[in-house]
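Numbering (my numbering), first residue to last: 330 to 503.
If you are wondering where the hints come from, they were derived from the structure by calculation, not from laboratory data.
Everything numeric in this text was worked out from a predicted model, so none of it was measured.
Think of the CB as a built atom: it goes at the ideal place given N, C-alpha and C, for glycine as much as any other residue.
One or more of the hints may lead you astray.
Here are the computed lysine-lysine pairs in the DSS-like style, where the Cα-Cα straight-line distance is at most 25 Å [claimed, not checked]: (1) 457 x 479; (2) 437 x 457; (3) 473 x 457.
Label-pair restraints from in silico Cβ distances [claimed, not checked]: (4) 471 x 412: 36 to 46 Å; (5) 471 x 500: 19 to 29 Å; (6) 410 x 470: 16 to 26 Å; (7) 439 x 392: 18 to 28 Å; (8) 447 x 474: 32 to 42 Å; (9) 476 x 396: 11 to 21 Å; (10) 453 x 431: 11 to 21 Å; (11) 435 x 459: 17 to 27 Å.
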Amino acid sequence: MGPFHKETSEVNSIRKAALAALAAATLPALAACSPGADAPAGDATTAAATAGLTISNARLVLPPVSGNPAVVYFDLSYNGAPGVSLTSVAVEGAGMTMLHDNVESEGKMQMVMTDAVPLTQGTPVSFKPGGLHVMAMQPSDALKAGGTAKVIFTLSDGTTTTADVPVRAAGDER
330 MGPFHKETSE VNSIRKAALA ALAAATLPAL AACSPGADAP AGDATTAAAT
380 AGLTISNARL VLPPVSGNPA VVYFDLSYNG APGVSLTSVA VEGAGMTMLH
430 DNVESEGKMQ MVMTDAVPLT QGTPVSFKPG GLHVMAMQPS DALKAGGTAK
480 VIFTLSDGTT TTADVPVRAA GDER
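Please model the entire structure based on the sequences and the hints provided.
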């Protein structure tokens, strides 16, 4: 099993979904108050000196069927204090988000929720198809291919980094 595997019961799933919904609802307001809230997004590469977090190659991919979840992929690098994890990624225009990983269990690949992704200084982490990714539930019709989505990354120390991420259609390159 992978390092991010989390056994879940039905109760844990409900608890996590409720916490994720609460976090998704409150993170945009909290991000507006953070020191890095006004950091420029550029070409979906964001560097937050205070957090030591760099986000690159970010994109939100819309679902092929309306009403299904969208997915967020990105690469990140961390150059800050030890013992910090990525604890949430919120998407403005999505009902809630969940951090997921794909792990092998009993010879089968399985998608599992993860509470946090540990960050190690100088070790890049990729959120990509078939691996770590962010599911964005109930994406708004306002999220359109060719546009951008505001994505808020939160670390375990409370630091947030915001990026304007390109929105891609389901059939576009992931």
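(Q) Hinted pair, alpha-carbon criterion (25 Å max): residue 473, residue 457. Please report holds or violated. (A) Holds, at roughly 21 Å.
Q) Taking only the CA atoms, is the gap from residue 457 to residue 479 under or equal to 25 Å? A) Holds - the C-alpha atoms of residue 479 and residue 457 are around 19 Å apart, at most 25 Å.
Q: With respect to the beta-carbon atoms only, verify the hint that residue 471 and residue 412 lie 36 to 46 Å apart.
A: 37 Å, holds
Q: Indicate whether the distance between the beta carbons of residue 476 and residue 396 respects the range 11 to 21 Å.
A: 19 Å, holds
Q. If you check the beta carbons of residue 439 and residue 392, does the distance land in 18 to 28 Å?
A. 20 Å, holds
(Q) If I claimed the Cβ atoms of residue 453 and residue 431 lie 11 to 21 Å apart, would that claim hold in this structure? (A) 18 Å, holds
Q. Is it true that the CA of residue 437 sits at most 25 Å from the CA of residue 457?
A. The hint holds at about 19 Å.
Q: Evaluate the given range 16 to 26 Å for the C-beta pair formed by residue 410 and residue 470.
A: Distance hint for residue 410, residue 470 is violated at roughly 40 Å.
(Q) Holds or violated: the 19 to 29 Å window for the beta-carbon distance between residue 471 and residue 500? (A) Between residue 471 and residue 500, where Cβ atoms are some 20 Å apart, the hint holds.
**Q.** Outcome for the supplied range 17 to 27 Å, where the beta carbon pair is residue 435 and residue 459
**A.** Since residue 435 and residue 459 have Cβ atoms about 18 Å apart, the given range 17 to 27 Å holds.
Q) Do the Cβ positions of residue 447 and residue 474 conform to the proposed distance bound of 32 to 42 Å? A) 33 Å, holds
Consistency note: the structure conflicts with earlier hint 6 alone.
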